[in-house]
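Here the protein sequences line up with chains V and H, keeping their order.
With the working numbering as the guide, the letters of the first sequence map in order to residues 1 to 233.
With the working numbering as the guide, the letters of the second sequence map in order to residues 1001 to 1550.
It should be emphasised that the hints constitute simulated quantities derived from the structure, not laboratory data.
Do not rely on the hints blindly, as some may be mistaken.
Unchecked claim - Not close to chain H: a few residues of chain V, all C-beta gaps over 10 Å, as computed:
{"no.": "1", "residue": "Glu32"}
{"no.": "2", "residue": "Leu64"}
{"no.": "3", "residue": "Asp103"}
{"no.": "4", "residue": "Thr122"}
{"no.": "5", "residue": "Leu141"}
{"no.": "6", "residue": "Glu195"}
Said to hold, decoys possible - As a list, the in silico PhoX-like pairs of lysine-lysine whose alpha-carbon atoms are at most 25 Å apart:
{"no.": "7", "chain 1": "H", "residue 1": "Lys1470", "chain 2": "V", "residue 2": "Lys226"}
{"no.": "8", "chain 1": "H", "residue 1": "Lys1514", "chain 2": "V", "residue 2": "Lys198"}
{"no.": "9", "chain 1": "H", "residue 1": "Lys1113", "chain 2": "V", "residue 2": "Lys217"}
Predicted, not measured: the structure shown is a model, and the values here were computed from it.
Positions of the beta carbon are idealized from the N, C-alpha and C atoms, including for glycine.
Spelled out, the chains give:
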Amino acid sequence: MPEEKEKKMIDIYVMGRRYKVPEGLTIMTALEYAGYKYVRGCGCRGGFCGACSTVYRNKEDYKLKMDLACQTAVEDGMFLVQLPFVPSVRTMYEVDEVNPEKDDNILLEHYPEIARCVSCNTCTKACPQDIEVMDYVQASLRGDIDRAASLSFDCIQCGLCSIRCPADIKHYHLAQEARRLKGKYIDTLSKQLKERVKELDDYVYDEKFKELVKMTKEEIKKVYDKREFQKGE
Amino acid sequence: MADGYPEYMRKSIARLESTREERAKINFERMHADESDKLLKKYHPDYREEGKQKLKIGASKGEKVPLELLALLEAPSLIDPSKINLDQIDYDVDILIIGGGGAGTVAALWAIKEGISPENILIATKLRHGDSNSMMAQGGIQAADKKEDSPVQHYLDAMGGGHYTNEPELLEALTTDAPRLIKWHEELGILYDRDEDGEFIELPGGGTSRYRMHSSGDYTGMELMRVMRDESRNKDVPVLEFAPAVELLTDKDGTVTGALLMNLETNEYYVVRAKSTILATGGFGRLHVQSYPTSNHYGATGDGLIMGYRVGVPLKDMDSVQYHPTGAAFPEQVLGLLVTEKVRSLGAQPVNDDGELFVNPLEPRDVEAASFIRECYGRDKGIETPTGMKGVWLDSPLIDVLKGEGTVAKNLPAMVRQYKRFNIDITKDPMLVFPTLHYQNGGLAIDKSGATPVAGLFACGEVTGGVHGKNRLMGNSLLDFNVFGKRAGISAARHVAKASKGKLTLNHIESYDKALRSAGIDTETASPLLLPEYRGKKVLERHLDIEVTL
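Pulled out of the complex, with its shape left as it was, chain H reads as follows (with noise of 0.2 Å):
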């Protein structure tokens, strides 16, 4: 096997392996209340005030939200109201979707039931059909289905879980809807894991008292959204690819009538006007807040909610972001993959590039988080990647070491599998491991029907906020794009009926851009960003901006 780590990690390798021996024997000492307490407050992505600001304008001002997110919520329209034309209509449809992925494709299939034909759906998304976190999910979806678990335990267990920040009539929606979109899934034919008896194999998930988690394998989420899409594509649902909305319309009164939205390719903009406008645009995990790696799809950058916030809807608990203590920061290949706490339970200590035990392994995940970072950017002790990022040693060799040969290769078979792909024996080479964002807990604030406050606007999906609180469970997600989804779909198809075609004006960019100015907001950032930027640095300080002609 060729050797999956480059010449200069080899050296910190060989002082880890120095070290190894004689770390094998200690005990490192769990840190007391207030030295977790401290380390949190100055490390924790969620505790750092400078990571956070208080917004100066719009429906949620005064409220905290990541930088990266303030950024881009106060910051003018990418395009100019006065160079786009309203009166050719494009698309006329009864419900746009603004997002292909499961909350979006979810909505698409309820409204279809609820009565509105396919031809008077429009998805529009920004990549291809199903491109979305939704496909990622591996662990599985809950739902309370089996005898000695109920829908009020579910409910408990996610109230503590959010530290009591979830909304209840969200969260009953979620725990009471969740066996029947179970049911509706064994209609769509998606796979579970079964016992001979048909029953579903369910697993526990961390915060669960009961064993909840229904899974399709490794690959829950993508069976899911596959499953979905190809339902959809025989429902023959209009889709849009790589054409997401730029912005939203509304009529006089505010009330959302459709959206712009930009072919990526041509850069033309289309006009859809829509009785009911549905925002199902995902998470955010591409801001990089507090630029950490993310276990996100490319097109994850928060694009609903810039265009929701700018008409006017509110934002739920967008102060906290899930992070991961070990996601893998190398190789590349792999970054952000959630490298399992069964390693550290096995005994697999934290190293940094020094070959330093430098914290103990079973600290609880926020703190054992913060001092990961602590190491990398407070000491300045971790590894740099060749991408340039960091991250600290997880010594899995030290588990044969503690507990014998051929422990690692008897229990962690999925990891070595996954890093011998890349030339990484995790049998005698440690993984290199750093905290990854990981979801998005706050968005845009919806009631239980998935109506926002914004008269003609519905969302679903991680764009939202408010069912899980300040924390997710795991488990939580997949359900949640399917409950609301379901929901949103049959809300925005129920609306249509009352609704009557709106008239369409971007009157609420130039108020918004109007409020930018009378807080004094000067910016050359304009939003939703759309794609993140991954080209070369080098290659940018050379960018010419010409467009070529042809």
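Just chain V, same shape as in the assembly (with noise of 0.2 Å):
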């Protein structure tokens, strides 16, 4: 066990203020640590959720770099401000009445800011989850929304990519409906699902389940313990 003095201390600055933490804290649990106590800027604390955007800048040197607070560990000498909020817009749609094979570039309609995009990358490496993220922008803009959709899938819209973008592209907006027209429009949907569907319309499984529920603890038991399993594939 670690005696107190044996935790090296070092300093973060937040907002401007120093404050002394112990090493290994994430951004996170540093601020929480010196005292802070999060109401925004504080979700899933498990890098889901893209709540914790943080922007910040490490000693002695001039760039500015983006994470998430709950994923990333504090380092002696770090400038650090969390963002609360992200004010960006998104345009509404109804995903039953667009058409991908009816409608030329339906992303491009809706986000028409992405033709200005001048592939400058700055989106992509701000990226906390690693997103070749200008690809799918320049993807939708060329109407290839499987590969915007396939792309663009580990994104958890914390927002870094357009707070930083030149061309105020809302990325991480744009991605979400391209996902959602692969889902609808572009995969192929299940065959058996649709067959089971069916076969619950049709009351196939009700005999069975009136039987079930009825059944005491020592009669189901009994069926549980005779489930036959699948064979490993």
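Grab the two chains, each in its own frame, and use the hints to assemble them into the complex.
Here it is, written out as structure tokens:
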């Protein structure tokens, strides 16, 4: 077990003010250690939700870096600030009413500013998920919904790309629409699922369930214990 | 690569390395049944009687619940009813949905399909729309849609997994609705992993007798949640973020007629009147039951349990909590993250601070978890992290010793990548693990329509109990919020047609406070918790309770 004195303390600068915190904390837990209680800027604490976008600069470095506060360790001399909110607009659309087969380029229609992309790649550099953001913007521009959707799959919608973009593109909203269009119109849908839903519409399992729900614990335990397991594939 | 482990941990790792060669030869004996029974009773959180207590008041009086929850259930309200003006109604809606995670969002979308106009719905949520455990679910969602499978088989698997404590009618709803919900997901454009014919690639899960787990990479929950949120935005459903409900409102007969919300930034309250109210507040992982780390999101403080219990909804199976034996304990960045059981299947051993193997690596999950806990807190041979928690080593490099160089890299690529981000190479160094609090098995009682026994109040998702009994199978929680979000949304919408605009009172708070006093309960706590406390102790000791007015 470590003694208190063994924990090395480092300096961090939260919005310019210096605090001493133990090494090995994340930006998020370091701020809490320093006495900040989160209301905004904190969500899943596991790298899935994009609530804790952070801008920081390392000691003696001039570059601004972006990452998630819950997924980044604090370093000695780090200057940091968290973004509570990203004020970006999105386009409303009815997913049932658009049709990528008929419509030439829905994404460009809904997000015309993608035509202003200057290929500076700042969005890609800002992405904490290492997504090729600029590439999916370019794919969207070409009307390649499938590629835009696939490239953007890991997006947690933190908004760092859009905050940095000189062309004011709303990358993560664009990508959300691309993925839904792929899921609904490009991917082949399941036949087995359709058949199972038809069976349910025809009440195929109702009789069996009438028996099941009435069973005593002992009766159902017997059925359970006799289950056969599907062989591995 | 920089060193991801602090220096003091290096000393412990050196002890582990010094015994590796000898340990590789040891086949640690499995525990006898009486031995493991004793271990479980003493160390498994669910068996620790001192971890629970019987409720002294309310609809589930006499039932045992975890102490951390009991402290909040048996506590007065955060608000003083005499200081609240309920005559000024800020939002007058058909349906109020409390909670903007999966369950609440699904409920809104189905209420709209049932004919409720979006502007007559209000989603009030504590953090942002979508901040929820739904977002974090990685593994997948169960639905019996393959030829060799059936909803009946799904029902059996879940019933056995739940130790036969599940409510049959709720489980029937869960398993028979499942394929329809996946069909709805196809219509929404949710991406699933499919083969070249468009059929779903389905995997088995713990306790499932068929390959039934649908997934979307290892971001299944995020994909569901972000699409549902997108659809809700397209429908223009009003959402109040950073505005948690602090209490429900009732009329003189106890019918729920809305809720009192609080703006977390200005501390102003808002009065909401609603014909139907849906509690979709999620689970309670952030109560850290028995001091466990958790895989849950920041807002998972069980608020809905408190508010629901105060208006008279009973609790189901509230004594059981789901823990997973190997959650990451270090680095802090991945705290609570599940470390797959495959690491132990391949030969990694759990090792204590002295470099000793202390348990067979492949005991059943609850036994394995209990032995880790004993090592840390019974024998004091755990390794403490910079944030003050403890864990034991999982000696992953041993896998390469036993099975040949490169086995870890080849078989555990995702884990290798995850740790590499924090400068830990698990092919060369061990991982620090400890059981993690994963899911609230029990919760508010509902019927199959998503209605609670209290008029005007519906509930869905992790806040409810009965669907999973005392143990939930993997892949049934994403399904749960879909099935019961839909059912609660439809039921709430139908109730709107029958309900008139209710009177608003906080009478139930006054009677609850009276019941607390009669039971002789005197506490400094007030509830719901709203947000957990993680500020540094040294800062809190010097905290001045002064409100600064500008």
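Tested hints:
Taking the minimum C-beta to C-beta distance to chain H, about 4 Å, the non-interface status of Glu32(V) is violated against the 10 Å cut. With 10 Å as the threshold on Cβ separation, the claim that Leu64(V) sits away from chain H holds: the shortest Cβ distance comes to roughly 20 Å. Consistency note on Asp103(V): stated as away from chain H, and its beta-carbon is indeed over 10 Å from all of that chain's, at 15 Å minimum. Under the 10 Å C-beta cut-off, the non-interface status given to Thr122(V) relative to chain H holds; the minimum distance is some 22 Å.
In this structure Leu141(V) is separated from chain H by more than 10 Å, as the shortest Cβ-Cβ distance comes to about 21 Å. Against chain H, the non-interface label of Glu195(V) is violated: not every CB pair exceeds 10 Å, the least being about 8 Å. Our distance criterion of 25 Å between C-alpha atoms is met by Lys1470(H) and Lys226(V), whose separation comes to about 22 Å. Simply put, Lys1514(H) and Lys198(V) have alpha-carbon atoms about 54 Å apart, too far for the 25 Å limit, and the pair is violated.
Taking the CA atoms of Lys1113(H) and Lys217(V), the gap is about 38 Å. The hint is violated against a cut of 25 Å.
In summary, the structure is inconsistent with hints 1, 6, 8, 9 from the numbered list given earlier, while agreeing with the others.
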